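> Starting from the structure of chain A, add chain B where the hints point.
There are 2 protein chains.
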Amino acid sequence: MQRYFSKQKENDQLFLDDNDLYHIKTVMRMKDNDEIIVVFDNIPYICCLENVNNNIKIKIKKEYETTDEKIPIVRLIIPLLKEQKMDFILQKATELGVKEIVLYQANRSIIKVKDNFDKKITRWQKIMKEASEQSHRNDIPNIDGTKKIKDLEQLDGLKLICSTREKEKNIKNILNLNKTYDKINIVIGPEGGLEEQEEENLKQIGFIPISLGSRIMRVETVPLFILSIINYEFME
Amino acid sequence: MQRYFSKQKENDQLFLDDNDLYHIKTVMRMKDNDEIIVVFDNIPYICCLENVNNNIKIKIKKEYETTDEKIPIVRLIIPLLKEQKMDFILQKATELGVKEIVLYQANRSIIKVKDNFDKKITRWQKIMKEASEQSHRNDIPNIDGTKKIKDLEQLDGLKLICSTREKEKNIKNILNLNKTYDKINIVIGPEGGLEEQEEENLKQIGFIPISLGSRIMRVETVPLFILSIINYEFME
Numbered sequence: 001m002q003r004y005f006s007k008q009k010e011n012d013q014l015f016l017d018d019n020d021l022y023h024i025k026t027v028m029r030m031k032d033n034d035e036i037i038v039v040f041d042n043i044p045y046i047c048c049l050e051n052v053n054n055n056i057k058i059k060i061k062k063e064y065e066t067t068d069e070k071i072p073i074v075r076l077i078i079p080l081l082k083e084q085k086m087d088f089i090l091q092k093a094t095e096l097g098v099k100e101i102v103l104y105q106a107n108r109s110i111i112k113v114k115d116n117f118d119k120k121i122t123r124w125q126k127i128m129k130e131a132s133e134q135s136h137r138n139d140i141p142n143i144d145g146t147k148k149i150k151d152l153e154q155l156d157g158l159k160l161i162c163s164t165r166e167k168e169k170n171i172k173n174i175l176n177l178n179k180t181y182d183k184i185n186i187v188i189g190p191e192g193g194l195e196e197q198e199e200e201n202l203k204q205i206g207f208i209p210i211s212l213g214s215r216i217m218r219v220e221t222v223p224l225f226i227l228s229i230i231n232y233e234f235m236e
Numbered sequence: 001m002q003r004y005f006s007k008q009k010e011n012d013q014l015f016l017d018d019n020d021l022y023h024i025k026t027v028m029r030m031k032d033n034d035e036i037i038v039v040f041d042n043i044p045y046i047c048c049l050e051n052v053n054n055n056i057k058i059k060i061k062k063e064y065e066t067t068d069e070k071i072p073i074v075r076l077i078i079p080l081l082k083e084q085k086m087d088f089i090l091q092k093a094t095e096l097g098v099k100e101i102v103l104y105q106a107n108r109s110i111i112k113v114k115d116n117f118d119k120k121i122t123r124w125q126k127i128m129k130e131a132s133e134q135s136h137r138n139d140i141p142n143i144d145g146t147k148k149i150k151d152l153e154q155l156d157g158l159k160l161i162c163s164t165r166e167k168e169k170n171i172k173n174i175l176n177l178n179k180t181y182d183k184i185n186i187v188i189g190p191e192g193g194l195e196e197q198e199e200e201n202l203k204q205i206g207f208i209p210i211s212l213g214s215r216i217m218r219v220e221t222v223p224l225f226i227l228s229i230i231n232y233e234f235m236e
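Keeping their order, the protein sequence lines are chains A and B.
Taking our numbering, the leading residue of the first sequence gets 1, the next gets one more, and so forth.
Taking our numbering, the leading residue of the second sequence gets 1, the next gets one more, and so forth.
Just chain A, same shape as in the assembly (with noise of 0.2 Å):
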């Protein structure tokens, strides 16, 4: 069934924005007494259209029942990249369940903060919306950005960096040993790694750096990378 999110609610009926309506009508083409999904603050309802044709009305029949996911909330600190690589990236991570991305500047980075970063924001949400639809999500990641590297010190939770540096710690040890953790931060570093003393910043307030093993990836292939492996390393 064809999943939406909703940000209104009002008795036994819901309400989609204009994109989300154009959809229903013209790209699925739907009749009345058609079904969908419609996700409200993280509860997904089965509805039924009536009206199609004119002012549409989505009313809920029943809650939609679903199981729980049991990995730990992941939060993603990324550099910002390529559009492309982004885009990317925020379709990739949302399908394989990251709860939060936040981007910080690297040295390093390309990519530098200009005026039209509200817009680049909105464009994003866009994208993870979108996934989260696609693969059933009953939420949709939160993008925060952009921090300093000494505003990570407020996060909570495990922290580690992707460091190509370490050579001793690997992600399989940490995860190994951190199995109660219920948040987990990670940052990834921009093309052509974090500088030397980036990563001692981060040390400095209370990341470990870790090894993903011996391949060389793509900065973009890392967070799907990571994502799998947490998935995995909690599946049942």
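Hints are not guaranteed to be accurate.
Copies of one chain are not kept apart here, so a pair can be met inside one copy or by any two copies together.
What the hints assert, rightly or not - Straight-line C-alpha distance at most 25 Å; calculated DSS-like pairs for lysine-lysine:
# : residue 1 : residue 2
1 : 25        : 7
2 : 57        : 25
3 : 99        : 57
4 : 167       : 112
5 : 9         : 126
6 : 129       : 147
7 : 167       : 70
Source of the hints: derived by calculation from the structure; they are not laboratory data.
All values reported here derive from a predicted model rather than from experimental measurement.
Below, chain B alone, put in the same frame as chain A:
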């Protein structure tokens, strides 16, 4: 150091194709005595450039020491997909260590084998060669297309199907039970999944259906998810 693959070696000299020579001279603007790594017959050599501006010579200085990977040989068996998705899978699966890509014709594949198939294979080989260079591999994955389901019987090693029908066995159970396999074959379904009869046919030739957990992923995300997991499972 920049890395290239060579198909020809004579004494202490290695030969590259014209695209790579163009890359060295014009893109990288290298000079005499600059060093590169050239892989010949799965062995990487540190080489020195001579006579760059004329008839370039690539002289072997010594073998480049690398550590062996310890993951099993992974054969991804994927349906024909649209160009962009295929390119994406080939690039990322190469980064993550796939050894062989086997293409098969699924009933629900939108893409059919056409006359220009040889051209496509050449294009895909180029993508995998470049991804192998970037991720510092000493080999380039093979691509083999396109097989019918019954032709997959001859493959040796552990045989898995990513199945949305399977509710009991997941990839974690199977990998934990099969640590001694040195080859893993994994069939990934097309958009919309394998038909029940196709899955049945695969089971009859020794394939085991497994679930990938509760996430709903796009087809092109699945190979990355699986390869990340296998790298993790065999990480030391």
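> Tell me, in ascending order, the numbers of any earlier hints that this structure violates.
3 and 4
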